[in-house]
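Undergrad: All chains, full assembly: derive it from the sequences and hints.
Chains as they are written, first to last, in our numbering: chain A, 39 to 277; chain B, 39 to 277.
Errors might be hidden in some of the hints.
Pairs count within a copy or across copies, as identical chains cannot be separated in the list.
Within a straight-line C-alpha distance of at most 35 Å, the following computed DSBU-like cross-link-like pairs (lysine-lysine) qualify [claimed, not checked]:
# : residue 1 : residue 2
1 : K216      : K142
2 : K233      : K210
3 : K210      : K40
4 : K142      : K218
5 : K142      : K167
Just so you know, the hints here were simulated from the structure itself, not pulled from any lab data.
Each chain, letter by letter, is given below.
Number of protein chains: 2
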Amino acid sequence: MKTVTAGVLLIGDELLSGRTQDTNLRTIAEFLAPLGVQIGEARILADEAEVISANVREFSDRFDYVFTTGGIGPTHDDITADCIAAAFDLDISQRQDAVDELLKRYDPDDLNAARLRMARIPDGASLIKNPVSLAPGFQTRNVFTLAGVPQIMRAMLEDIEHRIEGGTVMAKRTIAVKGKGEGDVGGPLAAIAAKYPDVSIGSYPHFDGDGYGLNIVIRAFNSSDLDACETSIAEFLES
Amino acid sequence: MKTVTAGVLLIGDELLSGRTQDTNLRTIAEFLAPLGVQIGEARILADEAEVISANVREFSDRFDYVFTTGGIGPTHDDITADCIAAAFDLDISQRQDAVDELLKRYDPDDLNAARLRMARIPDGASLIKNPVSLAPGFQTRNVFTLAGVPQIMRAMLEDIEHRIEGGTVMAKRTIAVKGKGEGDVGGPLAAIAAKYPDVSIGSYPHFDGDGYGLNIVIRAFNSSDLDACETSIAEFLES
Numbered sequence: 039m040k041t042v043t044a045g046v047l048l049i050g051d052e053l054l055s056g057r058t059q060d061t062n063l064r065t066i067a068e069f070l071a072p073l074g075v076q077i078g079e080a081r082i083l084a085d086e087a088e089v090i091s092a093n094v095r096e097f098s099d100r101f102d103y104v105f106t107t108g109g110i111g112p113t114h115d116d117i118t119a120d121c122i123a124a125a126f127d128l129d130i131s132q133r134q135d136a137v138d139e140l141l142k143r144y145d146p147d148d149l150n151a152a153r154l155r156m157a158r159i160p161d162g163a164s165l166i167k168n169p170v171s172l173a174p175g176f177q178t179r180n181v182f183t184l185a186g187v188p189q190i191m192r193a194m195l196e197d198i199e200h201r202i203e204g205g206t207v208m209a210k211r212t213i214a215v216k217g218k219g220e221g222d223v224g225g226p227l228a229a230i231a232a233k234y235p236d237v238s239i240g241s242y243p244h245f246d247g248d249g250y251g252l253n254i255v256i257r258a259f260n261s262s263d264l265d266a267c268e269t270s271i272a273e274f275l276e277s
Numbered sequence: 039m040k041t042v043t044a045g046v047l048l049i050g051d052e053l054l055s056g057r058t059q060d061t062n063l064r065t066i067a068e069f070l071a072p073l074g075v076q077i078g079e080a081r082i083l084a085d086e087a088e089v090i091s092a093n094v095r096e097f098s099d100r101f102d103y104v105f106t107t108g109g110i111g112p113t114h115d116d117i118t119a120d121c122i123a124a125a126f127d128l129d130i131s132q133r134q135d136a137v138d139e140l141l142k143r144y145d146p147d148d149l150n151a152a153r154l155r156m157a158r159i160p161d162g163a164s165l166i167k168n169p170v171s172l173a174p175g176f177q178t179r180n181v182f183t184l185a186g187v188p189q190i191m192r193a194m195l196e197d198i199e200h201r202i203e204g205g206t207v208m209a210k211r212t213i214a215v216k217g218k219g220e221g222d223v224g225g226p227l228a229a230i231a232a233k234y235p236d237v238s239i240g241s242y243p244h245f246d247g248d249g250y251g252l253n254i255v256i257r258a259f260n261s262s263d264l265d266a267c268e269t270s271i272a273e274f275l276e277s
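TA: Laid out in structure tokens, this is it:
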């Protein structure tokens with residue numbers, strides 16, 4: 039069994055002010071799950087350079103891979119590239135390979151100083167293709183720096199899969215529970231969880247307007263553990 | 039001008055696995071904005087007791103208020119109350135005032151050990167009313183511990199407003215830009231941002247299927263600063 043982890047840094051004041059609902063975390067999680075990579079923690083950070091740099095450093099040490107989203111556009115509040123460089127004490131400059139990408143979209147005359155900011159890349163980073171709007175993301179060590187706009191972020195993931203050395207994929211099953219609440223299943227479920235320490239058992243109530251429903255989600259690296267646990271839960275639910 | 043800040047800890051493996059899309063952060067941000075409270079950072083944490091306790095302690099020190107969501111139900115993976123107690127080195131026990139709340143919903147016979155877990159409250163905490171499903175949240179020092187189910191979380195906020203000593207409310211305006219991209223406005227916007235250091239200027243592109251749109255959002259504590267900045271941006275956009 040091989041455990042591979044990722045940390046995610048979602049960058050932007052707009053995510054903290056309530057202006058924008060993040061959806062990138064979920065997209066990244068769904069991208070990573072079949073590669074056997076579990077997200078260990080995510081943080082939503084304001085546009086503050088020192089905070090961003092410190093978090094990039096911490097997450098790069100803690101996790102196998104780090105994803106950042108947001109702050110790589112052409113305006114003054116797009117500071118992520120400089121923060122990544124600062125985090126690893128790297129120089130940063132306008133790179134010709136990134137300019138070449140931009141020239142596929144823009145006439146040279148339209149490539150003003152603001153747009154050329156999008157070609158500022160930390161030294162030694164490799165570019166991540168952006169098939170939507172061309173301005174590239176980039177990989178610095180184990181950190182992938184992606185756009186914040188969901189359609190662009192999602193498209194950039196296509197150029198990341200081949201860079202990831204994944205781990206053991208967790209098998210997962212969802213058991214929909216009818217006619218019982220969390221409080222009814224809590225005791226027996228705790229006993230089952232104690233019996234199968236290698237199975238992660240989550241209990242997720244939801245409210246659908248008519249009332250509460252409940253899903254039990256079980257996850258494990260070993261599928262025979264998962265089978266045995268699922269049988270125990272089914273037996274309890276039938277009893 | 040009085041700055042008041044909050045940190046938000048969204049707790050639950052399901053938020054990191056991609057199973058569940060968080061919406062609570064945005065709800066909390068929209069609740070706090072008119073009270074003059076800015077969210078400084080949010081973190082999405084796995085169901086790991088030591089991680090949760092350490093983050094509660096750190097955020098309680100860093101921010102005026104802390105909100106946690108998730109992990110206060112009746113099942114074995116609901117560990118938030120114990121983590122809050124551990125964070126502040128408090129004892130935790132089944133409290134009669136919380137049991138009384140549960141008895142408004144459940145017959146005494148249905149109040150099994152699992153459901154009674156929801157009455158475990160750190161010593162000295164005050165209860166936060168849950169008008170939806172009765173199991174209370176609680177306030178420990180500057181930390182508000184709320185449910186994860188969005189409908190319940192939202193309802194609990196009604197019993198929090200009176201506990202918050204708010205700050206200066208930031209005035210905000212949104213300027214929709216037509217026919218210009220971020221790369222066109224980046225240079226002039228940077229100059230305007232330098233001229234108005236007390237105004238936060240954000241530039242938010244979006245993709246609507248037909249192409250890219252752009253909103254400029256300006257925020258400031260002082261509304262005459264905001265007026266002057268808005269005028270500068272309008273003059274540039276008309277030029």
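Undergrad: Next, verify each hint and record whether it holds.
TA: Right, here's what the structure says about each hint:
no. : hint         : result
1   : K216 to K142 : between (55 Å within a copy, 24 Å between copies)
2   : K233 to K210 : within (18 Å within a copy, 54 Å between copies)
3   : K210 to K40  : within (16 Å within a copy, 48 Å between copies)
4   : K142 to K218 : between (58 Å within a copy, 19 Å between copies)
5   : K142 to K167 : within (12 Å within a copy, 58 Å between copies)
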